[in-house]
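Number of protein chains: 2
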Amino acid sequence: MRIAIGLYDCFTSLDAMGPFQVLSSLPGAEVTFVAAKAGPVTDESGFLTVTARASFDELPDPDVLLVPGGTITGTLVPDHPIVGWIRRAHPTTTWTTSVCSGALLLGGAGVLKGVDATTHWGVFDELARLGANPVHERVVRRGKIMTAAGVSAGIDMALTLAAEIAGVEFARTLQLMIEYDPQPPFDAGSPEKAGPELVNRALTAMVQTMQQLAARRESFAEGVDGRTAAGRPG
Amino acid sequence: MRIAIGLYDCFTSLDAMGPFQVLSSLPGAEVTFVAAKAGPVTDESGFLTVTARASFDELPDPDVLLVPGGTITGTLVPDHPIVGWIRRAHPTTTWTTSVCSGALLLGGAGVLKGVDATTHWGVFDELARLGANPVHERVVRRGKIMTAAGVSAGIDMALTLAAEIAGVEFARTLQLMIEYDPQPPFDAGSPEKAGPELVNRALTAMVQTMQQLAARRESFAEGVDGRTAAGRPG
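Note that the protein sequences, when read in sequence, are chains E and H.
Using my numbering, read the first sequence as starting at 1 and increasing by one per residue.
Using my numbering, read the second sequence as starting at 1001 and increasing by one per residue.
Just chain E, same shape as in the assembly (with noise of 0.2 angstroms):
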């Protein structure tokens, strides 16, 4: 089963991450990171470089797609390579799925017209505007389409993926070989648990991570070819 995860720079790595792992465990898996041109993607951190093995040419027909969010999304919609690939490998998938801003993605790739979704809290009003109807539910499955949450949602995904390609039994021992059993320190992480102080806290945080991000990439950007070309930081 040929696993294509799509990246892009600034993606969110944690969307990619926690999916990945799920899903590299899956038997006869064959898992790809893939990129407008094969070679280093890096994340919106700017601290995080992951080598995409293949071009979305050289991969044009996964049978599992999936596209992780990032801090730039909004942008990339609908002019970015990867919005042209997920439209002409949807056809032919068995799975198409999302991460957080990834719906976005699908969205932009015409996917999810009509079609419930769900994405990160922040960017609800987007998804709507691309046609699609968002459900504020952590997993949604419409058909061959699997869409998750903000983030960390994407592990509670794969899981359900994982127990629609291997069975329940399978996903339930991935589950246990990665101990989720999780346990957060707070009681947070949905904008109703957290309550709209923190609610406009995390939104300005969020403004502020993209701005500091931003000028982040710059400053790496400037470094960083100086670093790939010798191996190693400067």
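Worth flagging that the hints you see were computed from the coordinates, not collected in a lab.
Glycine included, each C-beta is placed from N, C-alpha and C at the ideal position.
Keep in mind that the hints are not guaranteed to be accurate.
Unchecked claim - The calculated SDA-like cross-link candidates involving lysine to any residue, where the alpha carbons are at most 25 angstroms apart (straight line), are: (1) E:K193 x H:F1124; (2) H:K1193 x E:E169; (3) E:K193 x H:Q1211; (4) E:K193 x E:T94; (5) E:K193 x H:G1143.
As the list claims (entries may be wrong) - Output of the computed footprint for chain H on chain E, the stretches with three or more beta carbons under 8 angstroms from beta carbons of chain H: (6) 110-116; (7) 199-209.
Unchecked claim - Listed next, with one range per pair, are the computed distances between beta-carbon atoms: (8) H:E1058 x E:G131: 44 to 54 angstroms; (9) E:R88 x H:D1116: 46 to 56 angstroms; (10) H:R1088 x E:Q208: 27 to 37 angstroms; (11) H:D1079 x E:H90: 45 to 55 angstroms; (12) E:Q208 x H:P1078: 17 to 27 angstroms; (13) H:P1196 x E:Q211: 47 to 57 angstroms; (14) E:G39 x H:P1196: 42 to 52 angstroms; (15) E:Q183 x H:P1060: 31 to 41 angstroms; (16) H:P1078 x E:G28: 31 to 41 angstroms.
Guided by the hints, dock chain H onto chain E, whose structure is given.
For chain H alone, coordinates are given in the frame of chain E:
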């Protein structure tokens, strides 16, 4: 605050990436993936390659040291370069932390002698042999040493650590930003909840997975050099 995540060939991806997602958003965080030498490091699945931006020698004194686990961790103790790095860095860290079988590497470095610590349920006995006092809790903090149970427990640990570093309100804000409101589709995340039959199945699957991963890594290793040189898949 300089946060170093120590990588090595065959690390478990989510062990590193769960905490990374949280810690990289801390105010003033500078996160560096480090390894024996700077450059590409491949996870236990063989599918994920991450760029280490510095060598252990280049970052000998991080403020926060984090060690992920991996399927070959047992064979790394005590001779792997990461163990020497832990031993040298620990005296001056603000926090020394591990996820999953990463605790065995802390143990190998002599950091856990007589210290309460946790690790993946499958390797509790190994932790005891390294002189630690294995504790069945998801996150264990003793002084400046914080250890997490298997794989996904790194997220709970990182939020706990975030609260220590940046305060509870900031940690709660991070939790909301990553929408960490876990809803596992099954209730099989611990040996107690899973029951003996599933535990046996998971242990068998873990051994099989390790064997498959070893075989896959070998076949990848033959092809990867060519890929890396060309910057794209062969």
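Against the structure, the hints:
{"no.": "1", "hint": "E:K193 x H:F1124", "verdict": "35 angstroms, violated"}
{"no.": "2", "hint": "H:K1193 x E:E169", "verdict": "14 angstroms, holds"}
{"no.": "3", "hint": "E:K193 x H:Q1211", "verdict": "43 angstroms, violated"}
{"no.": "4", "hint": "E:K193 x E:T94", "verdict": "35 angstroms, violated"}
{"no.": "5", "hint": "E:K193 x H:G1143", "verdict": "31 angstroms, violated"}
{"no.": "6", "hint": "110-116", "verdict": "violated (count 0)"}
{"no.": "7", "hint": "199-209", "verdict": "holds (count 6)"}
{"no.": "8", "hint": "H:E1058 x E:G131: 44 to 54 angstroms", "verdict": "49 angstroms, holds"}
{"no.": "9", "hint": "E:R88 x H:D1116: 46 to 56 angstroms", "verdict": "54 angstroms, holds"}
{"no.": "10", "hint": "H:R1088 x E:Q208: 27 to 37 angstroms", "verdict": "36 angstroms, holds"}
{"no.": "11", "hint": "H:D1079 x E:H90: 45 to 55 angstroms", "verdict": "49 angstroms, holds"}
{"no.": "12", "hint": "E:Q208 x H:P1078: 17 to 27 angstroms", "verdict": "43 angstroms, violated"}
{"no.": "13", "hint": "H:P1196 x E:Q211: 47 to 57 angstroms", "verdict": "52 angstroms, holds"}
{"no.": "14", "hint": "E:G39 x H:P1196: 42 to 52 angstroms", "verdict": "47 angstroms, holds"}
{"no.": "15", "hint": "E:Q183 x H:P1060: 31 to 41 angstroms", "verdict": "34 angstroms, holds"}
{"no.": "16", "hint": "H:P1078 x E:G28: 31 to 41 angstroms", "verdict": "36 angstroms, holds"}
The structure fails hints 1, 3, 4, 5, 6, 12 (numbered hints given earlier, in ascending order).
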